[in-house]
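J.: Each number in our numbering corresponds to the 1-based position in the sequence shown with 14 added.
Everything labelled a hint here was simulated from the structure, so no lab data went into it.
By construction, the Cβ of each residue, glycine as well, lies at the ideal position given by its N, Cα and C atoms.
A portion of the hints provided could be inaccurate.
Here are the simulated distance ranges between beta carbons [stated by the list, open to error]:
1) R81 to V48: 37 to 47 Å
2) L34 to W67: 17 to 27 Å
3) W109 to L70: 16 to 26 Å
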Amino acid sequence: MRRLLTSVAGFLLLGWGQGLWALHPYRDNLTADVRSISLSQEMAPLLLFWALWIALAAWPRWAATLRGGVLSSGVALLGWFWVDLCLYDSRVASWSTYTLAELAAEVAFICAWPLLCAVLAYGGGWALAAWRKTDDPQLV
Numbered sequence: 015m016r017r018l019l020t021s022v023a024g025f026l027l028l029g030w031g032q033g034l035w036a037l038h039p040y041r042d043n044l045t046a047d048v049r050s051i052s053l054s055q056e057m058a059p060l061l062l063f064w065a066l067w068i069a070l071a072a073w074p075r076w077a078a079t080l081r082g083g084v085l086s087s088g089v090a091l092l093g094w095f096w097v098d099l100c101l102y103d104s105r106v107a108s109w110s111t112y113t114l115a116e117l118a119a120e121v122a123f124i125c126a127w128p129l130l131c132a133v134l135a136y137g138g139g140w141a142l143a144a145w146r147k148t149d150d151p152q153l154v
C-alpha cells in the first residue's frame, strides 16, 4: 500500500512540476472557455484523472518487479504528455488551427526536457525501491 501511495504522490508532484515548467510561457494565456484560471487549477483535475491509472499500474502485488516499474513509468509518461497536450490545446492551439499531428509534435518538442526529467526521476524512484528491496526485503 505504501508503494501505491508513494507512486501516486510522486506522479502528482512530478506531473505538477513538469507541467508548470513546460508550459510556463503560456501561463497567462486565456483558456479555451475564456475562464481566467491558473495553470495549476486547470492541471489538477487532469492529473487526478491519471492518478487512478498510476495506482492501477503500481498495484503492490505485481508491480514489485522491474516490469511493473517500467509499466508505471510508461503510464506516467503517457499521462503527463496527455495533460500537457490538453493544457497546450486549451491555452494555445484552441486559438489557432492545428491538426492533431501538429499539436502532438509541438507539445512533444516543447515538453521534451521536462517530461524526460520527470520520467527519469519517477523511474529512479522505482529503481531505488527495487534496489532497497533486493538489499533488505523488509524495507519495501
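J.: If a hint holds in the structure, say so; if it doesn't, say that too.
T.: Evaluated hints:
no.	hint	in the structure
1	R81 to V48: 37 to 47 Å	45 Å, holds
2	L34 to W67: 17 to 27 Å	21 Å, holds
3	W109 to L70: 16 to 26 Å	35 Å, violated
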